[in-house]
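*Asks:* Just so you know, the sequences run in chain order A and B. Heads up, the first sequence is in UniProt numbering, so the first residue is 1 and it goes up one at a time. Heads up, the second sequence is in UniProt numbering, so the first residue is 1 and it goes up one at a time.
Among these hints, one or two may not hold up.
When the alpha-carbon atoms are kept at most 30 Å apart in a straight line, the in silico DSBU-like pairs for lysine-lysine are as follows [to be verified]:
no.	chain 1	residue 1	chain 2	residue 2
1	B	K351	A	K67
2	A	K74	B	K35
3	A	K67	B	K223
4	B	K206	B	K223
5	B	K284	B	K266
6	A	K67	B	K199
7	B	K340	A	K74
8	B	K206	B	K35
9	B	K340	A	K67
10	B	K340	B	K351
11	B	K342	A	K67
12	B	K93	A	K74
Quick caveat, the hints were computed from the structure, so don't treat them as lab data.
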Amino acid sequence: MFAYIVKRLLQVIPTLIGVSILTFFLIHAVPGDPARMIAGPEASAEEVAEVREHLGLDQPLYVQYGKYVSNLLKGDLGVSLRSERPVLDEIMGRFPSTITLTVMAIAVMVVIGLFAGIFSATRPNSLIDNVTMMVSLFGISLPVFWLGLMLILLFSYYLNLLPSGGNDGFSHFILPALALGLSSSAILARLTRSSMLEVINQDFVRTARAKGVKEKLVVYKHTLKNALIPIVTIIGLEFGTLLGGAVLTETVFSINGLGRFIIQSIQFRDYPSIQGSILFVAAIFVIVNLLVDLCYGLVDPRVKYE
Amino acid sequence: MKRLISLTIASLMLLLSACGNNASSGEQPAAEGPKDLVVALGSEPISLDPQDASDGISLHATELIYDKLVTFDKDMNIIPELAKEWSMSEDGKSWTFTLQEGAKFQDGEPVNAEAVKASFDRILDKNNKLKRRSLFADFIESVSVESEYKVTFQLKFQYAPLLATLAHPNGGIHSPKNTAEKGKSVGKSPVGSGPYQFKEWISGEKLVLEANPNYWGEKPKVKSITFKPVVENAARSLMLETGEADVILPIPATDIDRLKNNDQVKVELYPSNRNLYMGMNTQKAPFDNVKVRQALNYAVDKETIVNKIMMGNAKPAEAAISGLTWGYSPVGTYPYDPEKAKQLLAEAGVKPGTTIKLWTPEGRYLMDRQLSEFVQANLQAVGFNVEFRKWEWGAYQEAIDDPNSGYDLFLLSWAVPTNDADWGLRPNFSTEGSNNRTLFSNAELDALIDQGMKTTNEEERKQIYAKALQIIKDEAPWIFLVEMKQPIGVRKNVEGVYGSNTERLILRDADKK
C-alpha cells in the first residue's frame with residue numbers, strides 16, 4: 001500500500017512535465033501578443049516593442065521555455081504579466097474560494113444526488129422514481145449559469161435572503177454551491193440509481209432479505225456499498241472538474257476563483273499565470289485521482305494495490 | 001430515510017434564514033456619518049501607478065489617489081489643482097507653474113517643486129520603462145525647480161496641448177519618498193496627494209480606498225470607496241438593484257430601460273469622446289481611390305445603427321473627433337445614400353461583386369459584432385461581396401497591427417484622453433502617426449496637424465483644426481460611424497458621481513446619503 005502511494009506520487013512528475021510542455025507551447029501558438037495587450041490598442045509600435053523586450057518575450061521560444069522550467073524547479077511559477085504579482089500568490093489568493101465552493105457543491109451534490117438515486121432505485125418504475133428521474137433530466141439539461149441567475153433572481157432579488165455575489169463570507173457561497181451542486185447531483189442521481197439497480201437484483205441481496213435482514217441494512221450496507229465504485233469515481237472526477245472549471249458559476253456570482261482567473265489570464269495572454277494555474281490544477285487533479293483510487297480499497301476489499 | 005430528508009431540508013432552511021438575517025442587515029439604515037461607497041466595474045485595475053497605467057479602470061482609481069497640476073472640471077475646462085497659477089514664456093517653450101502651499105502627500109511629505117520635478121523626472125527617464133512615457137517625453141525637454149513652490153517645464157517645441165496633457169490622469173504626481181522606496185511596485189502601494197488614499201487591494205476581489213483625513217482641498221464626503229470587478233453584465237445590474245453596489249459601469253444596453261424604471265436607481269448617459277470607426281487600408285486598391293472611400297461612407301446607414309443597434313447609446317459622428325473634444329467643428333456626416341455610393345463606385349471602376357474582407361472584434365465595444373454585421377449588409381447592398389470575420393480581442397489586436405495581415409476594413413475606436421484635437425488627429429491621420437493603421441498620408445493635413453500642435457492662440461488653433469477635419473472628411477480614410485455614450489448606474493441616495501467626456505468615472509465629489 002505504502003509502496004503504491006509512493007509509486008503513484010512519483011508518476012505525478014512526468015504528468016506535470018507533460019502538462020507544462022503542452023500548455024507552454026499551446027498558449028504560445030495561440031494568436032495574440034501580450035505586449036500589445038499590456039500597452040493597449042492606442043500605444044505606438046515602439047511602445048509595444050519596448051514592453052515586449054521588458055517582458056523577455058522577444059527571445060526565442062526555447063529560451064523562454066528553458067527559463068520557465070529552471071524557475072519552476074526552484075518552485076517559482078513566475079510573475080503575472082497583467083498584475084506583476086507572483087503567480088503563486090495570485091493562485092493562493094483564489095484557492096480558498098475555489099476549494100470552499102467545490103467542497104460545498106460536492107456536499108450538495110452528494111446529499112441530493114445520492115439520496116435521490118437510492119430513493120429511485122428502491123422504488124423502480126414507480127411514480128416517484130419517474131418523477132425523480134424526470135427532474136434529474138432537467139437538472140442535467142439546465143445550463144448552470146442560467147440556474148445561477150434564476151437562484152439570484154429568487155433568493156437575492158425577490159426574497160432578499162442571500163447576497164447575489166462576491167466571496168466575503170459563508171453566505172456568499174450558498175447560492176453558487178447550490179447552482180453547481182444541483183446540476184451535478186442530477187448526474188449522480190441517475191448514476192446511483194442505475195448502479196444500485198444492477199446490484200439490487202443480485203443473489204446476495206435476495207439472500208440477505210431472505211434471512212430477515214432489515215430493509216435499511218439491505219439497502220445501505222449490502223446494496224449501496226457494492227454499488228459505490230462508479231459513484232466514488234464520478235464524485236472524484238467532479239471534484240477535479242470543479243477546481244478549475246467552475247468558470248461560469250464563478251462569473252455569474254462574481255466569485256474570485258481559479259476558473260475565472262484562468263479565463264481572465266487567457267484573455268489577456270498572461271502566459272505565466274495560465275501556465276502556473278493549469279499546472280496547479282493538474283497537480284491537484286492527480287492527487288484527487290489518487291485519493292479516489294485509494295477509496296476503492298476502502299469500498300471494496302477485493303481491490304489490491306500493487 | 002424520510003427523517004433524514006426532512007432533517008436535511010430543515011437544516012437547509014435554518015441555514016438560509018440565518019444567512020438571510022446577515023444579508024439584510026446591510027440594508028438597514030446605518031448610523032449617521034460618512035458611508036462606504038461600492039463601485040462595480042467590468043474588470044479590476046491593473047496598476048495604481050498613473051505613469052504606468054493605460055487601462056481606463058486603473059485610471060478611475062488613480063484619479064482619487066493622486067492630484068495633478070491642473071485638471072478638467074465637469075464641462076472639460078482646465079482648472080487649477082496642485083498648481084494655482086501658471087504662465088508661458090514669450091517663445092511658448094517654457095511654462096512656469098506656481099503650486100498651492102500647504103498641500104501634503106498621504107505619507108506626510110510636502111507637495112513642492114522638488115516633488116513635482118521628481119515625479120516628472122521619473123516618467124521621462126527611459127530606464128524606468130513606464131508605459132505612458134511617450135505621452136510626456138515627446139515634448140518635455142526638462143523640468144526644473146525655481147523656488148520652493150515654483151516649477152518650470154522646458155519644452156522641446158511649442159506645444160499647445162500642454163495643459164490638457166498635464167490634466168490627463170497619467171499626469172498624477174507621486175510622493176517622491178514613496179517612489180524612491182518602492183520603485184516599480186508603487187503600482188501596488190500608491191501614495192499621492194488626492195482625497196482618497198490606498199487601504200487594501202485583494203487581487204481579483206476588491207480595491208479599497210479610504211478618505212484622506214488631511215486632504216488639503218475640499219474634504220472627501222464618503223468614508224471609503226471600494227472597487228469590485230464584476231465581469232458578468234447581469235450580475236452588475238442586479239447588484240445595483242439590490243443595493244450591493246452604489247455605482248455600476250458599464251450598464252449593458254439591454255438593461256438600461258429596465259433600470260430606468262426602478263425608483264431606487266438613476267441611469268445617466270454621459271457623452272464620451274470615443275469615436276467608433278471602420279478603418280481601411282488606403283494604400284491598397286480599390287481603397288486608394290478617394291471615390292471608393294467616400295462611397296463606403298455613403299453606403300452606411302448611421303441613423304439605423306444608432307437607433308436600432310446601439311439603442312440610442314450613441315450618436316452619428318459628425319467629424320473624426322467627437323463634439324466635446326477641444327478643437328472640434330462639425331463637418332457633417334455623410335448622408336445615407338446607397339445610390340450615390342453605387343454611382344461613385346461605378347465612376348471608380350469597381351465592379352459589382354468585388355470581394356472585400358471586413359474584420360471585427362466581438363465583445364469589446366457595445367454591440368460591436370452586430371454593428372459590423374449591419375455594415376456588412378449595407379456594403380453588400382451597394383454591390384460588394386463582403387467576407388466577414390469576427391475575432392477574439394487579443395488575437396484581433398495583433399492581427400490589425402499588421403496592414404498586410406489580410407483585412408480591407410477593420411472596426412476600431414479612438415478616444416482622446418487629453419480631450420484635445422491634437423491627440424485625436426496626430427496619431428491617426430498624420431503620415432508618421434503612431435496609430436496610423438490606415439496608412440493615410442496627405443501633405444496638407446500633416447502641415448495643419450503640425451501647425452495645430454504649435455499654435456497657442458486658441459482661435460487660430462480652432463480654425464486650423466476645422467480645416468484639418470474637413471480634409472479628413474473629404475479624404476475619408478475611415479467610415480465615420482458613431483460617437484459613443486457611457487451609461488452609468490447610480491443608486492438614488494448617491495450624488496456627485498458623473499462620467500467625464502474622457503471616459504473617466506469621477507468619484508471625487510461622491511456623497512452617499
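*Asks:* Each of the hints needs a verdict: does it hold here or not?
*Replies:* These are the hints, each one checked on the structure:
Our distance criterion of 30 Å between C-alpha atoms is broken by K351(B) and K67(A), whose separation comes to about 55 Å. Between the alpha carbons of K74(A) and K35(B) the distance comes to roughly 47 Å, so the proposed pair goes past 30 Å and is violated. For the proposed pair K67(A) and K223(B), the alpha carbon gap of about 46 Å is over 30 Å, so the pair is violated. Taking the CA atoms of K206(B) and K223(B), the gap is about 16 Å. The hint holds against a cut of 30 Å.
As the CA atoms of K284(B) and K266(B) are separated by approximately 48 Å, the hinted pair breaks the 30 Å bound. Proposed proximity of K67(A) and K199(B) is contradicted: the alpha carbons are some 35 Å apart, above 30 Å. The suggested pairing of K340(B) with K74(A) is violated, with an alpha-carbon distance near 68 Å, which exceeds 30 Å. Of the supplied pair hints, the one linking K206(B) and K35(B) holds, its CA atoms being roughly 17 Å apart against a limit of 30 Å.
Distance restraint check for K340(B) and K67(A): the Cα-Cα separation of roughly 60 Å exceeds the 30 Å cut-off, and the hinted pair is therefore not satisfied. Restraint check: the Cα-Cα separation between K340(B) and K351(B) comes to about 15 Å, which is no more than 30 Å; the hinted pair holds. Our distance criterion of 30 Å between C-alpha atoms is broken by K342(B) and K67(A), whose separation comes to about 58 Å. A hinted pair counts as satisfied when its Cα atoms are at most 30 Å apart, and K93(B) with K74(A) does not qualify at roughly 54 Å.
This entry does not satisfy hints 1, 2, 3, 5, 6, 7, 9, 11 and 12, going by the numbered hints stated previously.
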